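Trainee: Letter by letter, the chains look like this.
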Amino acid sequence: MRAAIRRFLGVALTLIAVSVGVFWASANYVRRAQSEQLEPSPFVHLPVFFNARPIGVRELAAEAMQRIAHGGASARSAERQLARLGGAALPFILPALDSLEPNSRERVALALTPIALRMEVASREELADGAQAVLFWTRFWQDRAIDFRAASVRHLTLRLAERSIALRREDLVHVDTFALPALIEGLGDVNDVDDVARVQRLTSVLSHVTDLPVRSATTASVAEAQRTVETWRDFWALHGSEYTELDGPRRLAATFVETQYGKWLAAVLRGGLGRTRSGESALSVIRRGFATTSFLLLVGLGGGFSLGVLWTRFERRTTRIALRYASAVLGTALAAIPCASLVSLFSGGSAGLGSATCLVMATTAAWVSRHLAHSTISQGSVSPVVAAFSVSAPLGATYPPLVLSAIVLVELAFRLPGLGRTAALSLASGDVNAWMAASLALALATLLLRQTADLLRPRATASSALGEP
Amino acid sequence: MTEGLSPKRRLALAACAVALLILLAAVLSPLSPELRAYARGLQFAVLAGALIMAVAFLVAIPLGTLAASGPRAFDTALRFVCDLFSSLPTLLVAAVFWAWSDRTLGYVCALGALRGLEQAWLLRCEIVRLEAEDDAAPHSLGRTPLLAFLRLRLPAALGPLFVSASFSVAWLSALDAALTQAGLRPHAALPTWGLALAAPHASPLCAALAAGSIAVLTVSLHALFRPPRVA
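So the protein lines, in turn, are chains A and B.
Numbered by the working numbering, the letters in the first sequence go through residues 532 to 1000 in order.
Numbered by the working numbering, the letters in the second sequence go through residues 2 to 232 in order.
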């Protein structure tokens, strides 16, 4: 039992390390590869693993306010940014208005006009000049500051989620984007018509406060409502920190969460291993390719290794010199001639899983037989069964990556729907979720196969014959 | 294949094979651009293969020795790193190295280090096996443990490394061809044998020459790097 737990922990730890490694790899590949061919990840602006200075709504609002207060060319973009931040920025902007000089204060108050209109708390005429705008926002904050509390907004959202009443919707519209965290949380799971109605009510508010035309129609089906919820969750994964104050533990967590790796991990934890560029769940991509790759891997590692061991025994035991030379030349040539050349030769209209399996087996057998024939590992008596099962023995570190490479190649050349093909194509196209899912599935399959082979291996004979400690 | 030959003759055979290939490349190079590309591919294969072998030995010998005879934590760490790299296709790892390194030299050195890790594990296992089989031998010969290790055990354990090293050129060309065929080479086309073997519009003559040359180089290295026989 203890050994089983240790093995399980070992696999889990290796998978975590693999996920970090392949994520770093993909980030580097995307950055260095010819970027015009790649569609950049939406999180490409974030650091890969560690964000030393995570930015929340407080920092964004303060920066926008300073730029607007100073005026000039950059003030226009700051006004747009402030309008986008909306109600979430008000708790940081309005208390700070008094600290600005009168002209700057009026500029900032006027820049808040689009927010007031969206919140439906004032008309354009009421905010026609700077002095009026300053007076309006000062009074607004005196009256409504109490509404800008997470607990009260959550309560309002729960009430709207339960039942549709115009007044409840208005209350949420009055706090604008400040309600976004509660609204996204309130979307929940979508399983029946009641959930669809809830999503319709909440997305109506979400669409209003963000000016994004993504809402669930009253006649939407469960599947359509689920897609709408997914879209809003993607939006929140991408922009959530811009509407959230990063304070205390949240700021500490943001050093990891607000990174490319953290965003990928969050998508994985949301279920389905995230979504690929085509909108499909990465888990379904894995399900589709797992059977083909597992078969090739099993045949390549198991069959190819056994064949290699048998080949070596034949070569060693045969008394005919000519046959021995022919076997050695064939083995060396097969191992030396790149698998890609053989793949090119065989990739025609009729090539399929059979040809792919033969190629993977032949390549593996050639590599293994050359190693066994000339290394001191196998000197003495090696049972083919023992050797075939001992994939975690010394050669186990050498040839699985080559077998995996051969699998990637045959899947690409013969258009087999496997994980290797998915991994290679997604790496080339910069689809991080698909790449991560395919790589981790490949790694998991390899690790499990090695662990299983190691468990099934006859121990006493194997350790003496193959150099296990 | 070359069991009956002495080390000097094997070295001469390998040198003759390489010299013959260089001569062939020099003669063929002016004839056409494809053959010039083949000649440059030979240059790359020989230089990069040698560099990969050198880096791999530099990485493998200290790491493998430390893992086998040093602290247990080191052994665990090496096993973990080997597990990590052996669970991913070399093709994809090489694609990332290719994109990561600005220069070909960096790419080749990274591949050498990767190969060194695999070889370090081979060496570690071979040393452990030899120690388990013949624990009392060095003491009975009257040598100090370190001297016995350096003079007897380490040379005896280098066999798998030599075999692995003899496939370096083939391994490099296989990876290069695979990267070309998979469309994962982000850099500008470097005239390597991988391109000659797997590029869509590669000349058949050039591909045949490249494949034959890889086989000749591998057989030569295989003959040269036979595991030493230690008494």
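If you're looking for bench data, these hints aren't it; they were derived computationally from the structure.
Just so you know, not all the hints are guaranteed correct.
Simulated restraints, written as ranges between beta carbons of each label pair [as the list claims (entries may be wrong)]:
{"no.": "1", "chain 1": "A", "residue 1": "W555", "chain 2": "B", "residue 2": "P72", "range": "43 to 49 Å"}
{"no.": "2", "chain 1": "A", "residue 1": "R819", "chain 2": "B", "residue 2": "P72", "range": "43 to 49 Å"}
{"no.": "3", "chain 1": "B", "residue 1": "L147", "chain 2": "A", "residue 2": "W555", "range": "23 to 29 Å"}
{"no.": "4", "chain 1": "B", "residue 1": "A209", "chain 2": "A", "residue 2": "I852", "range": "25 to 31 Å"}
{"no.": "5", "chain 1": "A", "residue 1": "G834", "chain 2": "B", "residue 2": "P205", "range": "44 to 50 Å"}
{"no.": "6", "chain 1": "B", "residue 1": "L67", "chain 2": "A", "residue 2": "F539", "range": "49 to 55 Å"}
{"no.": "7", "chain 1": "A", "residue 1": "L854", "chain 2": "B", "residue 2": "A209", "range": "51 to 57 Å"}
{"no.": "8", "chain 1": "B", "residue 1": "L148", "chain 2": "A", "residue 2": "A548", "range": "55 to 61 Å"}
{"no.": "9", "chain 1": "A", "residue 1": "R848", "chain 2": "B", "residue 2": "R10", "range": "35 to 41 Å"}
{"no.": "10", "chain 1": "B", "residue 1": "A209", "chain 2": "A", "residue 2": "P948", "range": "50 to 56 Å"}
From a predicted model like this one, the values you see are computed outputs, not experimental measurements.
Glycine included, C-beta positions come from ideal geometry on N, C-alpha and C.
Trainee: Against each hint, give a clear statement of whether it holds in the structure.
Mentor: Hints versus structure:
Hint check: W555 (chain A) to P72 (chain B), Cβ distance near 28 Å, so the stated range 43 to 49 Å is violated. For the pair R819 (chain A) and P72 (chain B), the supplied restraint of 43 to 49 Å holds, since their beta-carbon distance comes to about 45 Å. About 39 Å separates the C-beta atoms of L147 (chain B) and W555 (chain A), a value inconsistent with the hinted range of 23 to 29 Å. Distance hint check for A209 (chain B) and I852 (chain A): the Cβ-Cβ separation is about 29 Å, which falls inside the suggested range of 25 to 31 Å.
Checking the proposed 44 to 50 Å range against G834 (chain A) and P205 (chain B) shows it is violated: the Cβ atoms sit about 32 Å from each other. With their beta carbons about 28 Å apart, L67 (chain B) and F539 (chain A) fall outside the hinted range of 49 to 55 Å. Distance hint for L854 (chain A) and A209 (chain B): a CB-CB separation of about 26 Å, inconsistent with the stated range 51 to 57 Å. Separation of L148 (chain B) from A548 (chain A) is about 38 Å and departs from the stated range, judged on CB atoms against 55 to 61 Å.
Remark: the range hint 35 to 41 Å for R848 (chain A) to R10 (chain B) is contradicted by a beta-carbon distance near 27 Å. Distance hint check for A209 (chain B) and P948 (chain A): the Cβ-Cβ separation is about 33 Å, which falls outside the suggested range of 50 to 56 Å.
Checked against the numbered hints above, the structure violates hints 1, 3, 5, 6, 7, 8, 9 and 10; every other hint is satisfied.
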